[in-house]
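Quick note on the numbering used here: the sequence shown kicks off at 10 and runs consecutively.
Mixed in with the good hints there might be a few duds.
Stated by the list, open to error - The calculated label-pair distances, taken between Cβ atoms and stated as ranges, are:
(1) Asp-73 x Arg-130: 36 to 42 Å
(2) Arg-246 x Arg-130: 21 to 27 Å
(3) Tyr-155 x Arg-130: 33 to 39 Å
Hints listed in this document are in silico derivations from the structure and should not be mistaken for laboratory results.
All C-beta atoms in this analysis are idealised placements derived from N, C-alpha and C, irrespective of residue type, glycine included.
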Amino acid sequence: MRYFIKFSFFGKHYHGWQIQPKAITVQEVLQQALSTLLRESIAVVGAGRTDSGVHAEEMYAHFDTKDTLPIDFVRKLNSFLPSDIAIDSIFAVTPEAHARFGAISRTYQYHISTRKDVFKRDYSMYFTLPLNVSLMNEAAHILYYYTDFQCFSKTHTDVKTFLCKVYEANWEQVGHELIFTITADRFLRNMVRAVVGTLIEVGQQRLSLTDFEDIIMSKSRSNAGASVPACGLFLTRIEYPETIFIEKITE
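Please construct the entire structure, taking both the sequences and the accompanying hints into account.
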């Protein structure tokens, strides 16, 4: 059987999602817990990579096992996992369902605190300089008209294409926080943090709207703004076709 796991994690203590040598990652911890519980070697495939320190309010991964999962498996799995990884639910899915390649869209949010808040230091970027949010939204909407975002991609990456379709990109002021929400069919490595860093330069009026558009057309990462800190970035939603889900195993 193939199963989808819906879960969340606090990314501060992890070097991102993907397994790597000499570093603790979310994928490694989840695989170890599943392998221990199911008493077989389990390989977990995530919906995508997240960078070191990035959080996920909603993440999916799939795995295959020869066993039928018991009704209390979520509770058992949560008891094996550390407090900063939480399983929400598990679904039986069709055999061809794929957590990474089957996703229709992904949504990220980036949080900026405009005043010092000790309770948000691990969840947002602290930034107190004045920002023109209206201009930042105008620039963000320019993303709708382009599909090649090489300028916002980490260099020397192994992707075959830099094409992405952005469905939503906007800033919202919520109290003393600025929250940027962006939805696309896929994202490049480091893309959201680079977009936010560049939009901040627009908000400081160091870049014009024309400059922002020129950066996209240049396809050069060196022309875009610096990447903002990982602590403010959350993966918040992943969408899949409803037809892949067979049964919700447990809650």
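Outcome of the hint check:
no., hint, verdict
1, Asp-73 x Arg-130: 36 to 42 Å, "holds (40 Å)"
2, Arg-246 x Arg-130: 21 to 27 Å, "holds (25 Å)"
3, Tyr-155 x Arg-130: 33 to 39 Å, "holds (34 Å)"
Checked against the numbered hints listed earlier, the structure breaks none of them; every hint is satisfied.
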